[in-house]
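Starting from the given sequences, assemble the full structure and let the hints guide the process.
Chain order of the listed sequences is A and B.
The numbering used here applies: residue 1 is where the first sequence begins, and numbers increase by one.
The numbering used here applies: residue 1 is where the second sequence begins, and numbers increase by one.
What the hints contain is simulated information worked out from the structure, not anything from laboratory work.
Please read all numbers here as calculations on a predicted model, not as lab measurements.
One thing to keep in mind: the hints can contain errors.
Unchecked claim - Distance windows between CB atoms, simulated:
#1 A/Glu-107 to B/Pro-39: 54 to 62 Å
#2 A/Gln-214 to B/Glu-74: 46 to 54 Å
#3 B/Ala-16 to A/Lys-259: 20 to 28 Å
As the list claims (entries may be wrong) - Only part of the chain A face toward chain B is listed, based on derived beta-carbon distances under 10 Å:
#4 Gly-13
#5 Arg-150
#6 Arg-154
#7 Glu-175
#8 Pro-184
#9 Val-187
#10 Arg-189
#11 Leu-193
#12 Ser-194
#13 Val-198
#14 Ile-201
#15 Leu-204
#16 Asp-205
Idealized CB from N, CA, C, for every residue including glycine.
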Amino acid sequence: MARIIVITSGKGGVGKTTTSAAFAMGLAERGFKTVVIDFDVGLRNLDLIMGCERRVVYDFVNVIQGEANVGQALIKDKRNPNLFILPASQTRDKDALTLEGVGRVLEKLAEEFEFIVCDSPAGIERGATMAMYFADDAIVVTNPEVSSVRDSDRMIGILSSKSRRAEQNQEGIREYLLVSRYSPERVQRGEMLSLEDVQDILSLDLIGVIPESQAILNASNAGIPVILDRESSAGQAYADVVARYLGEDLPHRFLTVEKKGLFGRLFGG
Amino acid sequence: MALLDYFRKNRSNSAAVAKERLQILVAHDRRAGGPSYLPQLKHDLVAVIRKYVAVDSDAVSVTVESDGGHEVLELNIVLPD
Numbered sequence: 001m002a003r004i005i006v007i008t009s010g011k012g013g014v015g016k017t018t019t020s021a022a023f024a025m026g027l028a029e030r031g032f033k034t035v036v037i038d039f040d041v042g043l044r045n046l047d048l049i050m051g052c053e054r055r056v057v058y059d060f061v062n063v064i065q066g067e068a069n070v071g072q073a074l075i076k077d078k079r080n081p082n083l084f085i086l087p088a089s090q091t092r093d094k095d096a097l098t099l100e101g102v103g104r105v106l107e108k109l110a111e112e113f114e115f116i117v118c119d120s121p122a123g124i125e126r127g128a129t130m131a132m133y134f135a136d137d138a139i140v141v142t143n144p145e146v147s148s149v150r151d152s153d154r155m156i157g158i159l160s161s162k163s164r165r166a167e168q169n170q171e172g173i174r175e176y177l178l179v180s181r182y183s184p185e186r187v188q189r190g191e192m193l194s195l196e197d198v199q200d201i202l203s204l205d206l207i208g209v210i211p212e213s214q215a216i217l218n219a220s221n222a223g224i225p226v227i228l229d230r231e232s233s234a235g236q237a238y239a240d241v242v243a244r245y246l247g248e249d250l251p252h253r254f255l256t257v258e259k260k261g262l263f264g265r266l267f268g269g
Numbered sequence: 001m002a003l004l005d006y007f008r009k010n011r012s013n014s015a016a017v018a019k020e021r022l023q024i025l026v027a028h029d030r031r032a033g034g035p036s037y038l039p040q041l042k043h044d045l046v047a048v049i050r051k052y053v054a055v056d057s058d059a060v061s062v063t064v065e066s067d068g069g070h071e072v073l074e075l076n077i078v079l080p081d
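Put into structure tokens, the structure is as follows:
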């Protein structure tokens with residue numbers, strides 16, 4: 001039985017696709033057969049972040065409309081044999097996603113995969129509601145910034161009412177908070193909401209904190225999920241997220257300002 | 001460096017300001033987030049009650065609250081003395 005996880009946020013640009021790519025790769029690295037689906041029809045980007053943009057032939061909408069089968073549309077990751085990507089359509093609009101069609105594709109994928117990661121588009125419209133409807137678990141990506149926190153709160157409300165689990169009176173979606181673009185330096189200076197502030201307002205289980213890091217842009221530039229940059233704080237933080245999701249109890253890291261030694265100060269660490 | 005301190009002081013408050021604004025806003029959003037039929041339901045209820053008792057429209061309050069797994073629709077009517 002496959003587990004369906006939606007990566008959502010409400011607000012755009014907070015790191016949903018970065019998180020989807022890293023999280024899916026992390027699950028695959030743990031040996032789980034994983035597929036990551038781009039629900040951002042019309043503005044696909046997951047393929048770019050995963051580095052497989054030139055291998056897209058068929059897409060999610062083609063499969064929904066019966067123009068291709070799932071096997072034809074799935075792109076096998078070149079780095080990890082457990083990982084597959086189902087890209088979004090770049091030319092259709094979001095109305096091409098139907099509840100029935102999405103449900104059918106997910107059911108088919110569930111026969112073969114252990115984890116299905118759904119990369120939600122921003123907003124609360126069709127693409128986003130489709131991405132969350134079938135979910136078992138949700139990771140709400142939030143930046144420590146007012147508009148992102150507000151939108152996340154709104155999203156949490158929608159998650160608890162507009163899902164298959166809610167409609168069938170099953171146990172609700174398991175929701176987790178992931179705080180990204182966290183800067184301990186700015187928090188220390190009082191310029192940024194602290195982790196405690198965000199948790200006070202959203203009160204969700206914290207699955208991880210991703211520090212603001214140059215490694216993320218580098219990874220996007222190269223089309224490599226940042227979790228594969230094992231030297232970077234962001235990569236390590238994502239590896240922790242995957243471990244926590246799988247039930248490991250790890251302390252949160254990268255929450256405080258690193259004290260630089262003389263060497264670090266001189267050479268900028 | 002009084003000038004520098006001035007800017008630093010202003011900056012150092014911004015996270016606290018953000019939190020306070022968010023707490024108020026989020027509480028408001030959550031209250032406002034009832035079902036979309038709520039205003040119409042209230043309007044209709046007031047009309048029905050007025051057939052029997054002369055009440056002000058603000059004497060009737062209709063709220064929906066979620067409590068764990070279920071929602072409670074609460075109707076409160078203040079009758080005139």
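Hint check results:
no.	hint	verdict
1	A/Glu-107 to B/Pro-39: 54 to 62 Å	violated, 39 Å
2	A/Gln-214 to B/Glu-74: 46 to 54 Å	holds, 52 Å
3	B/Ala-16 to A/Lys-259: 20 to 28 Å	holds, 25 Å
4	Gly-13	violated, 18 Å
5	Arg-150	holds, 6 Å
6	Arg-154	holds, 6 Å
7	Glu-175	violated, 14 Å
8	Pro-184	violated, 12 Å
9	Val-187	holds, 7 Å
10	Arg-189	holds, 6 Å
11	Leu-193	holds, 5 Å
12	Ser-194	holds, 7 Å
13	Val-198	holds, 9 Å
14	Ile-201	holds, 5 Å
15	Leu-204	violated, 13 Å
16	Asp-205	violated, 17 Å
Checked against the numbered hints above, the structure violates hints 1, 4, 7, 8, 15 and 16; every other hint is satisfied.
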